[in-house]
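Asker: Protein sequence lines, in the order shown, are assigned to chains C and G. Residue numbering for the first sequence follows the working numbering, starting at 175 and increasing by one per position. Residue numbering for the second sequence follows the working numbering, starting at 30 and increasing by one per position.
FYI, nobody ran anything at the bench for these hints, they're computed from the structure. Worth double-checking, as some hints may not be accurate.
What the hints assert, rightly or not - Here are the simulated BS3-like cross-link-like pairs (lysine-lysine), alpha carbons at most 30 Å apart as the crow flies:
1) Lys427(G) <-> Lys233(C)
2) Lys340(G) <-> Lys289(G)
3) Lys267(C) <-> Lys349(G)
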Amino acid sequence: MGAIGNILFSGVGGQGILLASEITAYALLSAGYDAKKSEVHGMAQRGGSVTAQLRYGEKVYSPLIEPGKADILVSFEMMEAARYLPYLHKESKVIVNTQQIKPPSVAMGQVAYPLDVLDAITSQGIQVVTVAAFDIARDVGEVKAANVVMVGAMSNFLPMAAEVYEEIINTRVPERFREVNIKAFRAGRQTSS
Amino acid sequence: MSGNEAIALAAYEAGVKVASGYPGTPSTEIMENLSRYEGVYTEWAPNEKVGLEVAIGASFAGVRALATMKHVGVNVAADPLFTASYTGGRGGLVVLTADDPEMHSSQNEQDNRNYAYAAKLPMLEPSDPSEAKTLLKEAFELSERLDTPVLFRITTRVAHVKGVVSKGEMMTSAATCGIEKMPAKFVMLPGNARNRRKVVEERMGELRKIAETDEYNRVEAGDRKRGFITGGVSYLYVKEAFPEATVLKLGMSWPLPEEKIKAFAATVDELFVVEELDPFLEHHIKAMGVACHGKDCIPNQGELNTAIVRKAIDPGSAPKLFSAPDLPMRPPNMCAGCPHRGVFYNLSRMKDIFVSGDIGCYTLGFLPPLSAMDSCVCMGASVTIAHGMAKALGAAGKGKLVSVIGDSTFIHSGITGLINSVYNNSASVLIILDNRITAMTGQQNNPASGCNIKGEPANSIDLEELCRAVGVKHVDEVNPHDISACKTALKTALDRDEMSVLISRAPCVLIPEMKKAQHIPYLTTTENCSGCRSCVQLGCPAISWTPLTPEEAEALGYKKKQKGFAVITEVQCNGCGQCAALCKFEAINRKGE
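Using the sequences and the hints given, assemble the complete structure.
Answerer: Below, the structure is given as structure tokens:
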């Protein structure tokens, strides 16, 4: 069995994680890999912690990433990156949207948002790339495209060329959102190249 | 595509003509996707029992039929299921159960393989989307060949996993569509049923033979020191954890191929049965006199994964992992602008009441800060549990029992409970949270929505008239966003000595019309905020609290003792206005006003 690549997407329900992982999966398939993706629908999507797990290689059996085996973690929210630290290894790459979405206990003022939360990852010697995806998306004209900004930033750590992703955005995203998503993807790709 | 999309495609290619189901995670997307194919009649049924009976009827008329439901839905449909095992049908009939190990979105994690044993039905179980597509088509062939309904079990990690799936050939049913009277088979009076009971046993015998020879159950050769018997998604974890080992993969979970299992066991030094949830295979394999490991090492709760399977069998193999820092939890929450919040806010302010809840988005009313739900058991149990408590408590329960149920859940199985409450003279209050949609599973239409599964106009049940028709004398409607009207309506209803129904009516913010509508958000005038926290108590995700030290408070021009101030995040606000109604300090106003 060949080596399997593992990409973990984390964030908060409603941030567009499913679309981001979908674009990445199609990009991997068009590059000739087998791929499987796992996600959870239903109650967890109502503003809770959400993940999508994407695995690719010559032949993928399990749809789930084992703890300690995620090669790339793409977190759409800052604190949610640290929640999945047990999935990382020393050589993992972490791409984090620095946007902070307050969980209920923080919004209620019971506890503070842990602003130094990324230290928990960097102190293990793991590379962290921060991306102000929300601001970048606002600048390209659509805050909802922050998810595609993150795909752009992550794409630098995968072998496929930018055209592969752009082709997928052009065929898979509804027409009226294509242009802004292409812009978002390019802006994201520039951040960490 | 996802497992559910693959199953919809397979049903279409198998020539299914009629499909009925009730939404339930993780099964919902099957019917949604199937409804987009030409030539297949699809519908949302009010509940799973109705859905299965519709499919049985279609099979009796000689077409291929599919019923879909989540695992707990099979409990509702169990009555027709057990007798359909006796009748068989004419056109192929498949009953799909989508189980939810780990309870990602369910109230229990029952293992529905047990239904195959109990109802004497064959069960097929795929491991991934691609196999789901192949096996479902075979399920229809098997159903017609053996004249039996076929149970088809998937789990969350088949339903919501996406993988590569190929399109295939279209198939046609061997049956002809038409009215054909077959009383000995279709009329299950005791005399006929006793004869069919014998047929069921003969059929199980045939199925056992098929299990021995068919490709559903295959041996994958490998190292024989350890042999694995597994099926469903567990097969994938075994292949990753022990790629070198020999495996007997069971695509048919019931009946089991006894000879094949015994022969396989004889070839390996040590036999492991790897399965999620119950020791279903293990018990039956042990009953064959075959020694094996199973739940002595593999957990019987929650989902499995590669790491769990590897560690269970080789305890020393677990890698050292980084541990996550202590982080605030992020549980799910009702959306900003959710109409349910107005009802639960009022319930949370009422002392000494017991709120009997039900299954839906509104079950989130249990979570803090609202914490306004005291029980949740199953679909439709809100009104019945309140009635049972009322009868147990007598006078002590007066004015204290409230049940809450969504529109879809009320139609699913709340109506019969309400009839019981009226018939047997209850004095509790039932709140129907009518948001026009089956929201939790992803906004499916229901008999009160005014649209069918395809979004075409359909008859819409008048819930108020329905409640009056079953004998409720006091039926009132309230806008849940109007906090004070909601409070008054609740108090009036609780003061009555007779059953009251309060219909809380406002659409879900996630339905397409609401998403398209331009909501004018509410904004905070922070200098007016007194720090009373009234709005924060709603638990709306658009409202957050910024704590202040006395020095910070003074610097911002507040009184020194003010502990903080509230802010609305404009992009998250859906403009419901519940918070503005609670603010006594002119600190929350609609944008532009």
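Asker: Would you mind marking each hint as holding or not holding in the structure?
Answerer: Status of each hint after checking the structure:
no.	hint	result
1	Lys427(G) <-> Lys233(C)	violated (64 Å)
2	Lys340(G) <-> Lys289(G)	holds (28 Å)
3	Lys267(C) <-> Lys349(G)	holds (19 Å)
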